[in-house]
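A.B. asks: Going line by line, the protein sequences match chains W and U. The first sequence begins at -5 in the numbering used here and counts up by one. The second sequence begins at -5 in the numbering used here and counts up by one.
Source of the hints: derived by calculation from the structure; they are not laboratory data. None of these values were measured; they are calculated from a predicted model. Think of the CB as a built atom: it goes at the ideal place given N, C-alpha and C, for glycine as much as any other residue. Watch out, some of these pointers could steer you wrong.
Unchecked claim - Subject to a maximum C-alpha distance of 25 Å in a straight line, what follows is the list of computed DMTMM-like cross-link-like pairs (lysine to aspartate or glutamate):
#1 W/K125 - U/D90
#2 U/K45 - U/E153
#3 U/K149 - W/E47
#4 U/K115 - W/E57
#5 U/K125 - U/E112
#6 W/K125 - W/E62
As the list claims (entries may be wrong) - Per label pair, the in silico range of CB-to-CB distance:
#7 W/R130 - U/S34: 47 to 57 Å
#8 U/E35 - W/R130: 44 to 54 Å
#9 U/L79 - W/E29: 48 to 58 Å
#10 U/A104 - W/E47: 18 to 28 Å
#11 W/P0 - U/A95: 52 to 62 Å
#12 U/V106 - W/R91: 23 to 33 Å
#13 U/V106 - W/A70: 33 to 43 Å
Stated by the list, open to error - Here are a few chain U residues that sit away from chain W, every Cβ distance over 12 Å (derived from the structure):
#14 T23
#15 Y42
#16 G58
#17 A89
#18 S120
2 protein chains.
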Amino acid sequence: MSRWEPDARGRLERAALELYSERGFEQTTAAQIAERAGLSERTFFRHYADKREVLFGGAHLLEGAFVETLAAVPSAVAPIDAMGLTLEAVSAFFADRHDFARQRQAVIAANVELQERELIKLASLSAALAKTLRGRGVSDAAASLAAEAGIAVFKVGFERWVRDGSRSLASFLREALLELRVVVGPSR
Amino acid sequence: MSRWEPDARGRLERAALELYSERGFEQTTAAQIAERAGLSERTFFRHYADKREVLFGGAHLLEGAFVETLAAVPSAVAPIDAMGLTLEAVSAFFADRHDFARQRQAVIAANVELQERELIKLASLSAALAKTLRGRGVSDAAASLAAEAGIAVFKVGFERWVRDGSRSLASFLREALLELRVVVGPSR
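Assemble the whole structure, with the sequences as input and the hints as a guide.
C.D. replies: Encoded structure:
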């Protein structure tokens, strides 16, 4: 007897973020999220395996977008420049997501278990990027280092964008990559 | 009725690593570790809160060594060079630990929960290094980026050293830092 619920996923997501912000992640149940969204608990579980997935359900899409974009960059482009182009392209993913990202970040910052899950997400992303770079003929260590550098840039740029939505994520990522280049600088 | 057990901690550590390697981390109990070490279970729990701590008990010592060393580098030294000096100094920590590190890495690679714990350890280390750099007057983003870069170098250099103990950890870390500099390279 399932029926189509317009934008059920988006409604559940917004309801979950509201509740996590109001009462905390741990104190919120899937039933409460469904209720707030005006949907049934069954509909919730058709869209999300559990309440944590509302925050991490996009992780595999993000990783897929990163890997596909990086793989499509011509292999003559240096690894770090390929990372820069990838970060810029992937930031389109977050174009209308500033409010979501800000609320999500606050929920995660308040919960150790979610922070761990976020670390795991980023480590998985870094490993996928390193593997993709190796597939482009980049050496083992250079691939790992370029991927880790890319993730560091993503973390720093993303955090700044979350705090200041007046500019695009892409511009914060560009800035963070330039700063990394200054910081790591020429060998002495 | 506790009595002094010569090198109890070292004996427990070696026994634990043997058992984790033989039967897997999950299948090993604290009682079995104590028995293999020829010590009582009570002695085990005097040294370690649980069987996971045998693998991570050194984490706060390592973090302390990193932070103290970095804080002691003259502040005129550029952040990334300060990170390089710190990595080199801290590698003395692992001077006689190649066998332990190799066994430990294999145990961790076989267990998702331990991999997560390792990620958390490194994230905590990165945050502590970034905080120390900020205390040296380094800007927020540069501190985060230099710390993340240092941890990336540590991960890559450490993994290589674990696979090839013929050279010192310090030399692998130096090499990885140079590679990072080549990879991140000059801005174009």
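A.B. asks: None of the hints should be skipped; say for each whether it holds.
C.D. replies: Now for the hints, and whether the structure bears them out:
1. A distance of roughly 32 Å separates the Cα atoms of W/K125 and U/D90; the hinted pair therefore is violated under the 25 Å criterion.
2. Of the supplied pair hints, the one linking U/K45 and U/E153 holds, its CA atoms being roughly 23 Å apart against a limit of 25 Å.
3. Pair hint U/K149 plus W/E47 does not hold up; C-alpha atoms about 29 Å apart against a cutoff of 25 Å.
4. Distance check on the hinted pair: U/K115 and W/E57 sit about 23 Å apart at the alpha-carbon level, within 25 Å; holds.
5. The suggested pairing of U/K125 with U/E112 holds, with an alpha-carbon distance near 20 Å, which does not exceed 25 Å.
6. For the hint linking W/K125 to W/E62, the alpha-carbon distance of about 12 Å falls within 25 Å, and the restraint holds.
7. Between W/R130 and U/S34 the CB atoms are about 55 Å apart, so this pair conforms to the stated range of 47 to 57 Å.
8. Taken as a hint, the range 44 to 54 Å holds for the pair U/E35 and W/R130, whose Cβ atoms sit roughly 52 Å apart.
9. U/L79 and W/E29 have their C-beta atoms about 57 Å apart, which keeps the hinted 48 to 58 Å range intact.
10. One distance hint, 18 to 28 Å for the beta-carbon pair U/A104 and W/E47, holds here, with the actual separation near 26 Å.
11. At about 55 Å, the beta-carbon gap between W/P0 and U/A95 stays in the expected band of 52 to 62 Å.
12. Restraint check, U/V106 to W/R91: a C-beta distance of roughly 29 Å satisfies the suggested window 23 to 33 Å.
13. Distance hint check: the CB atoms of U/V106 and W/A70 are about 37 Å apart, consistent with the given range 33 to 43 Å.
14. No Cβ of chain W comes within 12 Å of the Cβ of U/T23; the nearest lies about 25 Å off, and the non-interface call holds.
15. Distance check for U/Y42 against chain W: the nearest CB is about 21 Å away, which clears 12 Å, and the non-interface claim stands.
16. No beta-carbon of chain W is positioned within 12 Å of the beta-carbon of U/G58; the least distance is around 21 Å.
17. Remark: the non-interface label on U/A89 is consistent with the geometry, its nearest Cβ contact in chain W lying 23 Å away (cut-off 12 Å).
18. Consistency note on U/S120: stated as away from chain W, yet its beta-carbon is not over 12 Å from all of that chain's, at 9 Å minimum.
Of the hints listed earlier, those the structure fails to meet are numbers 1, 3, 18, in rising order.
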